[in-house]
Amino acid sequence: MGSVAKDVLTVIFGLTGVLFFIGGTVGLLRCPDLYSRLHPATKCDTVGSCSITIALALQIGLDIALFKIMVVILLLLVTSASSGHAIGRSAFKTGVMPWHKKGVVPWPLKGEDRWTGR
Amino acid sequence: MRKAIVVLALVGIGVMLIYAVGEMPPMGDSGNPDKVHIAPRYLEHGEEEAGASNVITAVILNYRGYDTMGEVAVIFCALCAVVAILNREKPGLSRTSMDVSGVKASVVVRTTIRFLVPVIIFFAVYIILHGESTPGGGFQGGAIIGASIILFTLAFGLPESTRKLPLRFRIPLESFAVIAFLAAGFTGIVFGVHFLTYLMPGLSEYAAETIRHIMMMVIEIGIGFAGGIIFTSIMFAMIREDQCELQPDSP
Chain R
1 MGSVAKDVLT VIFGLTGVLF FIGGTVGLLR CPDLYSRLHP ATKCDTVGSC SITIALALQI
61 GLDIALFKIM VVILLLLVTS ASSGHAIGRS AFKTGVMPWH KKGVVPWPLK GEDRWTGR
Chain C
1001 MRKAIVVLAL VGIGVMLIYA VGEMPPMGDS GNPDKVHIAP RYLEHGEEEA GASNVITAVI
1061 LNYRGYDTMG EVAVIFCALC AVVAILNREK PGLSRTSMDV SGVKASVVVR TTIRFLVPVI
1121 IFFAVYIILH GESTPGGGFQ GGAIIGASII LFTLAFGLPE STRKLPLRFR IPLESFAVIA
1181 FLAAGFTGIV FGVHFLTYLM PGLSEYAAET IRHIMMMVIE IGIGFAGGII FTSIMFAMIR
1241 EDQCELQPDS P
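Heads up: the protein sequence lines correspond to chains R and C, in order. Position 70, counted from 1, in the first sequence is what our numbering calls 70; the numbers after and before it change by one each time, with no gaps. Numbers in our numbering are just positions in the second sequence, counted from 1, shifted up by 1000.
I should point out that these hints are in silico values taken from the structure, not numbers from a laboratory. Values in this document were obtained by computation on a predicted structure and should not be read as measured data. Just so you know, even glycine gets a beta-carbon here, dropped at the ideal spot from N, CA and C. Among the hints, erroneous ones may be present.
As the list claims (entries may be wrong) - Derived Cβ-Cβ restraints for the label pairs, each shown as a range:
| hint | chain 1 | residue 1 | chain 2 | residue 2 | range |
| --- | --- | --- | --- | --- | --- |
| 1 | R | 97 | C | 1087 | 38 to 46 Å |
| 2 | R | 79 | C | 1064 | 47 to 55 Å |
| 3 | C | 1133 | R | 34 | 43 to 51 Å |
| 4 | C | 1049 | R | 88 | 51 to 59 Å |
| 5 | R | 65 | C | 1022 | 33 to 41 Å |
| 6 | C | 1150 | R | 97 | 52 to 60 Å |
| 7 | R | 97 | C | 1133 | 33 to 41 Å |
| 8 | C | 1008 | R | 34 | 36 to 44 Å |
| 9 | R | 65 | C | 1016 | 43 to 51 Å |
To be verified - A short list of chain C residues far from chain R (calculated; beta carbon distances all over 10 Å):
| hint | residue |
| --- | --- |
| 10 | 1026 |
| 11 | 1029 |
| 12 | 1105 |
| 13 | 1106 |
| 14 | 1119 |
| 15 | 1201 |
Unchecked claim - Simulated crosslink set (BS3-like; lysine-lysine; CA at most 30 Å straight-line):
| hint | chain 1 | residue 1 | chain 2 | residue 2 |
| --- | --- | --- | --- | --- |
| 16 | C | 1164 | R | 93 |
| 17 | R | 43 | C | 1164 |
| 18 | R | 102 | R | 68 |
| 19 | R | 101 | R | 68 |
| 20 | R | 101 | R | 6 |
| 21 | R | 68 | R | 93 |
| 22 | C | 1104 | R | 93 |
| 23 | C | 1104 | C | 1164 |
| 24 | R | 102 | R | 43 |
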């Protein structure tokens, strides 16, 4: 792989990461409730950071630092996805209502106990 | 009358303190004694004098060894106070915070934590052992060990945690930092020099350096593991205290 192709790939991955971070930030600020905010927040961590670290890995090339970056990517993927899962799940189980318009019942309409999860 | 005396004494002390503040060198001035003498000395001679290429470790363990020994004793005393007031954990009574909120940790969370805890402890041991030459050391590594055990307890509950780390395993480790520090300190007295001297006289340079290295390592390992275990024990004691106030199974 030539160095030009490597640079182009680096730019593509870096820009993808930046794009996802911008989207994640906007989503975090603009979304109405916990569940919809969780979605962009975890995208930021997984896709955004992983793309940027992949771009870094491309620039480093074969080095011991490459192994460290792989470990970082693995940890990012595992931790941010599962912490997002834990936050969303415990919010759902403890009865945090999702955002909805006035007078419109949100999706699972099997009564209040659906939201308490007990 | 007593109040008047107290007020007068306080005002007197206050006036003296404010007067003393006026005598102090200006804050952040580059001509202050600590910037002129102490900091350059630490930076230039820290490695040869204190035997640690990380200057912070050199300061903590060597230049200010008494201070660090006091800190270690303070952490140990904090544990003693917590245990004296709250008593040790009783796993039979306890429920973790996740149980209380009505949500048990899911399979995903438990699997992730089972995968992560060994990695975190591995990283903590690396930080403890490498504290001499890179940023880190006993206190930081101990905090990470404590955090990993707290993470495990949040997901799996106190009974599981106390089965993995029983009391008979934790009690000797809790005092290990103080004991390691005192042992290293008294080694100097045995060799006929001051308390907490790392470089022993009457040995070849190589032997003295090696002994200094080993002593610092023992102290770092002691601080790290004892610190982590002390945080864990404090948390175990406090979990039970938290849960006793809650009514069982009330929504």
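Hint by hint, here is what the structure shows:
no.	hint	verdict
1	R/97 / C/1087: 38 to 46 Å	holds, 41 Å
2	R/79 / C/1064: 47 to 55 Å	violated, 36 Å
3	C/1133 / R/34: 43 to 51 Å	holds, 44 Å
4	C/1049 / R/88: 51 to 59 Å	holds, 54 Å
5	R/65 / C/1022: 33 to 41 Å	violated, 53 Å
6	C/1150 / R/97: 52 to 60 Å	violated, 30 Å
7	R/97 / C/1133: 33 to 41 Å	violated, 53 Å
8	C/1008 / R/34: 36 to 44 Å	violated, 58 Å
9	R/65 / C/1016: 43 to 51 Å	violated, 57 Å
10	1026	holds, 42 Å
11	1029	holds, 41 Å
12	1105	violated, 7 Å
13	1106	violated, 6 Å
14	1119	violated, 8 Å
15	1201	holds, 41 Å
16	C/1164 / R/93	holds, 29 Å
17	R/43 / C/1164	violated, 35 Å
18	R/102 / R/68	violated, 50 Å
19	R/101 / R/68	violated, 47 Å
20	R/101 / R/6	violated, 49 Å
21	R/68 / R/93	violated, 37 Å
22	C/1104 / R/93	holds, 10 Å
23	C/1104 / C/1164	holds, 20 Å
24	R/102 / R/43	holds, 29 Å
Hint violations for this structure: numbers 2, 5, 6, 7, 8, 9, 12, 13, 14, 17, 18, 19, 20 and 21, all remaining hints satisfied.
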